[in-house]
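Trainee: Letter by letter, the chains look like this.
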Amino acid sequence: MLEVIQAGIQTTVQDAGRIGVGHLGLPRSGALDSQAMLLANRLLGNDDNAPVLEFALGLSRLRFYRDAWIALTGADFNAQIDGKSAWCGWRTAIKSGQTLTLHGPKAGMRAYLAVDGGIQVPTFMGSASTDLTSGLGGVEGRALKSGDRLALGKEHNLKHPVGAMQRLWDNQIRVLAGPHFDWLANPAQFAKSHWTLLPSSNRMGARLDGEPLSLHTPLEIGSRGVFPGVVQLPPSGKPIVLLNDAQTTGGYPIIATVIEADMWKLAQARPGQTLQFVPVSLDEARAVGERWQQYFYRLGRALGAGAPHA
Amino acid sequence: MTQTVPQLSVFGEHQVFVALGTPGDSPSQCLRKQALIWSLAERCRGRSGALEIVPGMNNLTLSLEKDQQPSEWLEWLRQVLPSLPGSIPEGKLHRIPVRYGGDTGPDLAEVARLHQVSEQDIIRAHCSAEYRVLFMGFLPGFAYLGGLPEQLHTPRRAEPRLQVAAGSVGIGGSQTGIYPATAPGGWQLIGHTQVPLFDAAATEPCLLAPGDRLQFVAGDC
Numbered sequence: 001m002l003e004v005i006q007a008g009i010q011t012t013v014q015d016a017g018r019i020g021v022g023h024l025g026l027p028r029s030g031a032l033d034s035q036a037m038l039l040a041n042r043l044l045g046n047d048d049n050a051p052v053l054e055f056a057l058g059l060s061r062l063r064f065y066r067d068a069w070i071a072l073t074g075a076d077f078n079a080q081i082d083g084k085s086a087w088c089g090w091r092t093a094i095k096s097g098q099t100l101t102l103h104g105p106k107a108g109m110r111a112y113l114a115v116d117g118g119i120q121v122p123t124f125m126g127s128a129s130t131d132l133t134s135g136l137g138g139v140e141g142r143a144l145k146s147g148d149r150l151a152l153g154k155e156h157n158l159k160h161p162v163g164a165m166q167r168l169w170d171n172q173i174r175v176l177a178g179p180h181f182d183w184l185a186n187p188a189q190f191a192k193s194h195w196t197l198l199p200s201s202n203r204m205g206a207r208l209d210g211e212p213l214s215l216h217t218p219l220e221i222g223s224r225g226v227f228p229g230v231v232q233l234p235p236s237g238k239p240i241v242l243l244n245d246a247q248t249t250g251g252y253p254i255i256a257t258v259i260e261a262d263m264w265k266l267a268q269a270r271p272g273q274t275l276q277f278v279p280v281s282l283d284e285a286r287a288v289g290e291r292w293q294q295y296f297y298r299l300g301r302a303l304g305a306g307a308p309h310a
Numbered sequence: 001m002t003q004t005v006p007q008l009s010v011f012g013e014h015q016v017f018v019a020l021g022t023p024g025d026s027p028s029q030c031l032r033k034q035a036l037i038w039s040l041a042e043r044c045r046g047r048s049g050a051l052e053i054v055p056g057m058n059n060l061t062l063s064l065e066k067d068q069q070p071s072e073w074l075e076w077l078r079q080v081l082p083s084l085p086g087s088i089p090e091g092k093l094h095r096i097p098v099r100y101g102g103d104t105g106p107d108l109a110e111v112a113r114l115h116q117v118s119e120q121d122i123i124r125a126h127c128s129a130e131y132r133v134l135f136m137g138f139l140p141g142f143a144y145l146g147g148l149p150e151q152l153h154t155p156r157r158a159e160p161r162l163q164v165a166a167g168s169v170g171i172g173g174s175q176t177g178i179y180p181a182t183a184p185g186g187w188q189l190i191g192h193t194q195v196p197l198f199d200a201a202a203t204e205p206c207l208l209a210p211g212d213r214l215q216f217v218a219g220d221c
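Top line first, the protein sequences correspond to chains Y and F. Here my numbering is used: the first residue of the first sequence is 1, the next is one more, and so on. Here my numbering is used: the first residue of the second sequence is 1, the next is one more, and so on.
Check before you lean on any hint, since a few could be wrong.
Said to hold, decoys possible - Taking lysine to aspartate or glutamate pairs in the DMTMM-like style, the calculated list, with each CA pair at most 20 angstroms apart, reads: (1) Lys-92/F / Glu-204/F; (2) Lys-265/Y / Glu-220/Y; (3) Lys-66/F / Asp-170/Y; (4) Lys-66/F / Asp-48/Y; (5) Lys-238/Y / Glu-284/Y; (6) Lys-95/Y / Glu-155/Y; (7) Lys-159/Y / Asp-67/Y; (8) Lys-84/Y / Asp-47/Y; (9) Lys-66/F / Asp-76/Y; (10) Lys-66/F / Asp-148/Y; (11) Lys-92/F / Asp-199/F; (12) Lys-66/F / Asp-283/Y; (13) Lys-95/Y / Glu-3/Y; (14) Lys-265/Y / Glu-3/Y; (15) Lys-145/Y / Asp-170/Y.
What the hints contain is simulated information worked out from the structure, not anything from laboratory work.
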């Protein structure tokens, strides 16, 4: 078991999300930086979909009540176990009674903590993920607060610390043209502009500020299914990239979709940072996705017996 | 059979989109096409490889598993579409008791004023129609309903409310609906119901499903 001593600004239980429920109006939810979640679980030999904690900014403190192996990934939150540094991107041993402190990121936005055996909460419609909008899943459908106690799965027999190479964040978000891209009055402006991430952004959407875009002809769109990565253009002319907690249908023009492999860059962008959209082809998008698959395949081989899913 | 030229396209890395709607379709044409969307969604559920099957307004969006070829799905959808039954299902009827006006229907007077009729006229018109659940979305358990009488079409509020209570019954443009959970919203709120639309603990958490019929019943509840 672990106990939340200090919960941080928004700490939630997440896994890969709720799949196959969009037609009921339920968002997918799940870790915004899915590669970081997968890496954390792979480092510990957990199931890929084992629930983890997602931290957004702020100082957090957790006390462990069993010996455990932990993996911290995503943004480097300058973590310490009883005052001793625990590296981001590594698996580290923690003893029963010790306290893990995450001081918050110097760069980036979200950190992920996996524990050997996974964090255990009741699942709702096949997923442990917290849906903050509807108050479902995770711990009572809410962000963690101090005093919360979380059960842990069965411990693994791991030996030594292991680390993985860290990604480098950049602000180049690769996109495919969306179904309404050709309606833009000045399509080149979309990729040329620097878009600033607004503080009103949350797990539902990345809201952007910049020179407003407009359509050359008004467009009447019936509500249609949307998904994380869809770039909507509301009447303000300022794009919104839908993230994991977004609603499942939308009626705004869809000018682009962010490629899945780059969604983590949005998860790790901070309000005030600028982003640029880089149009790519479907083949390029698939090639980037395959490079990630190869990365995790090689990682699995490097971890050897410690990674049952390699 | 409905004469429809379907538009099929690939959308994103793993998505496929089918649209049957044509601008200027009458409400009855829309319903007929929506019935085709329901049957198509059913057929897709019977074929493995689609993670999400999300009906919209006369359209359907599929999110496919990574190993699926979107082009093969387009081909399959083209073959399946002409064989779908064009009939409109009977649909389960729900009678939803609504307390109109008062604290929980604060915009009833404004809606009546906009249409230059009495509040009773608004309630009568809202209760006289039979609505059809076209598709779900926006919030868990929220149903997009077709069938709002034209004389009740009302512009959304200029200033959306930051909090609309769960159970609120509202009108927004040509749509009417029930908020299943407390959420921000710009609809004109004319009443409130106690009937829960989404119950996370139930095996079937949503009360309503596409194809269902719905009637509002005025009462003090």
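Trainee: Look at each hint and say if it fits the structure.
Mentor: Status of each hint after checking the structure:
no. : hint                  : result
1   : Lys-92/F / Glu-204/F  : 15 angstroms, holds
2   : Lys-265/Y / Glu-220/Y : 32 angstroms, violated
3   : Lys-66/F / Asp-170/Y  : 25 angstroms, violated
4   : Lys-66/F / Asp-48/Y   : 16 angstroms, holds
5   : Lys-238/Y / Glu-284/Y : 26 angstroms, violated
6   : Lys-95/Y / Glu-155/Y  : 12 angstroms, holds
7   : Lys-159/Y / Asp-67/Y  : 13 angstroms, holds
8   : Lys-84/Y / Asp-47/Y   : 28 angstroms, violated
9   : Lys-66/F / Asp-76/Y   : 30 angstroms, violated
10  : Lys-66/F / Asp-148/Y  : 37 angstroms, violated
11  : Lys-92/F / Asp-199/F  : 19 angstroms, holds
12  : Lys-66/F / Asp-283/Y  : 14 angstroms, holds
13  : Lys-95/Y / Glu-3/Y    : 14 angstroms, holds
14  : Lys-265/Y / Glu-3/Y   : 30 angstroms, violated
15  : Lys-145/Y / Asp-170/Y : 32 angstroms, violated
Comparing the model with each numbered hint stated earlier shows that hints 2, 3, 5, 8, 9, 10, 14 and 15 do not hold.
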